[in-house]
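Protein chains in written order, with our numbering: chain A, 1 to 173; chain B, 1001 to 1321.
None of these hints come from the bench; they were simulated from the model.
Since this is a predicted model, take the numbers as computed values, not measurements.
Any given hint might turn out to be false.
[To be verified] With a straight-line cut-off of 16 Å between C-alpha atoms, the simulated EDC-like cross-links for lysine to aspartate or glutamate are:
#1 Lys11(A) with Glu29(A)
#2 Lys1045(B) with Asp1307(B)
#3 Lys1213(B) with Asp1041(B)
#4 Lys11(A) with Asp69(A)
#5 Lys1070(B) with Glu99(A)
#6 Lys1183(B) with Glu59(A)
#7 Lys20(A) with Asp124(A)
#8 Lys1186(B) with Glu59(A)
#9 Lys71(A) with Asp39(A)
#10 Lys57(A) with Asp1185(B)
#11 Lys1075(B) with Glu1062(B)
#12 Lys1186(B) with Glu1233(B)
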Amino acid sequence: MKYRMPTRQEKTLLNRALDKWGVFEYFKEKLLMIGHEDDGSAKICIVSPESRAASSKLEPYFLGLVIGDLKKQFAPSLPGADLFARVGKSNEYYITVDENAEKLVLYGRDVMGNSILQCSDTIDENELVIILNSRNESIGVGRTRFAGSSLLQKGKITVTTLADAGQYLRDEG
Amino acid sequence: MKAIIFPDSAESSSLAGKYNYDRWLVSRFLEYVPDVHDFLDKMEKPPTQYIRANTIKIEPDELKIRLESKGFSLKETLLPEVLAVQKAPMSIGATTDYMLGHYYIQDLSSCLAVDALDVKEKQTVIDIAAAPGGKTTFMAQRMKDTGCIVAIEPNERRARAMSFNLARCGVSNTCILQLDGTKADKLGMKFDRVLLDAPCSCEGVIAKDVTRKTSHTPTDVEVCSDRQQRMIESAAKLVKPGGLLVYSTCSFAPEENEVIVDWLLRKFDNIVIEPLDYGTNGLTRFNDMVFSDDLKNTRRLYPHIHDTTGFFIARLRMGVT
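The task is simple: from the sequences and hints, build the whole structure.
This is the structure we're talking about:
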């Protein structure tokens, strides 16, 4: 990947996104860079100041930790979701699922309404959400199929799983 | 250098036959592995599995409680982050905590090599031949994910696999370079700490890959030894004055260990081999070779004595005046 600092416009977009995910304060002191894949997609990477200094003299194959993709909007990656869940304040964009659903999500399965332990009344349909287990650890990233309390509908898939931590294991195989 | 071959003896022939090894290898083990009978017995058994808690995400005590609640039995080791798996109701690589990056499956010997490097927060560190990233992620957690680790791996597929492991462990202080480790000295940078866990003939991990009993050849030792000499020369040039270079392998072969470190001591001035608190002394003689007496400060770890994979560690303080 090729790495560069974000433009002012990108910084504004990122600040808004980080605020949305409840991690703006944490990232105030952190350094973010943009990495471009060969296909042109932009990855947002958290980088230490020392790594940035080193990368200016080197040609990194990979730098820092990818916390998400930046297209029209910011979408958290798995490591990004994990970091946000650890350092941020859970808000409407986080849903909590029960133990049974946790196992299913880690196999890449979608979330049934009756397995959601906690979600916001104000969340819209078609929103990105971080899927948490009952210990408030991120197990994946999903997209809502319904709005607000309709997410709790019994017997229906209400959140599509887009990425899950089980991928790390599946990729090893 | 060429692997030294010793004549067969009745003992080496008998042991080679009993344990299904090539005779040349057992003849060599008799020269540098203590209690060879116990060693060969131990290599017939599955090695002890170790996990290392990823303190970027979880404390070792909390991890132990979680895994024990799932039926695992874990025992503390020399290092606070490392736990020995004594009973496992399922594969240790298939738990939710593993997927969430709460631990890394890594032998204690590998972790001791990182411990020997004594990394500190905000340092600059280079890990030569870093994939799949076990030692890199351990260094990162010891550095509290600050500073910079330059992780070198020449193979793209392995470099990519390493990036997945770093992501799973939540490590952000790393810069992966696709580069041949023998050319690392051309980077134009100096580092506080340099880790060279050199590619080796893997004599120490025969218990994990029993095909090595007969597929391992003297040429492997020679090829590895020559490359290790080039790599350690390059690594030595990367260390800031007063910094540390840790050289390690998972081989017992002196040609890959003491011979390499002794060569470095003769090549560069002002290197001190610092003692370590574990393992047994490195060799100061092998066949007709006599090494610097300081080589006793290097460390050998044996499966049948230390319950780790076979390992060699040398901690070298560079540019000491």
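Results for each hint:
About 14 Å separates the Cα atoms of Lys11(A) and Glu29(A), which keeps this hinted pair within 16 Å; it holds. For the suggested pair Lys1045(B) and Asp1307(B), the alpha carbons sit about 11 Å apart, so the restraint of at most 16 Å is met. The suggested pairing of Lys1213(B) with Asp1041(B) holds, with an alpha-carbon distance near 13 Å, which does not exceed 16 Å. Among the hinted pairs, Lys11(A) with Asp69(A) is consistent with the structure: their alpha-carbon atoms are about 13 Å apart, no more than 16 Å.
Taking the CA atoms of Lys1070(B) and Glu99(A), the gap is about 14 Å. The hint holds against a cut of 16 Å. Pair hint Lys1183(B) plus Glu59(A) holds up; C-alpha atoms about 14 Å apart against a cutoff of 16 Å. For the hint pairing Lys20(A) with Asp124(A), the CA-to-CA distance comes to about 13 Å; that is within 16 Å, so the pair holds. Between Lys1186(B) and Glu59(A) the CA atoms are separated by roughly 13 Å; this keeps the pair inside 16 Å, and the hint holds.
A hinted pair counts as satisfied when its Cα atoms are at most 16 Å apart, and Lys71(A) with Asp39(A) qualifies at roughly 13 Å. At roughly 14 Å between alpha-carbon atoms, Lys57(A) and Asp1185(B) fall within 16 Å of each other, so this suggested pair holds. This hinted pair checks out: Lys1075(B) and Glu1062(B) have alpha carbons roughly 14 Å apart, not beyond 16 Å. The straight-line distance between the Cα atoms of Lys1186(B) and Glu1233(B) is roughly 12 Å, inside the 16 Å bound, and the hint therefore holds.
Of the hints listed earlier, there is not a single one the structure fails to meet.
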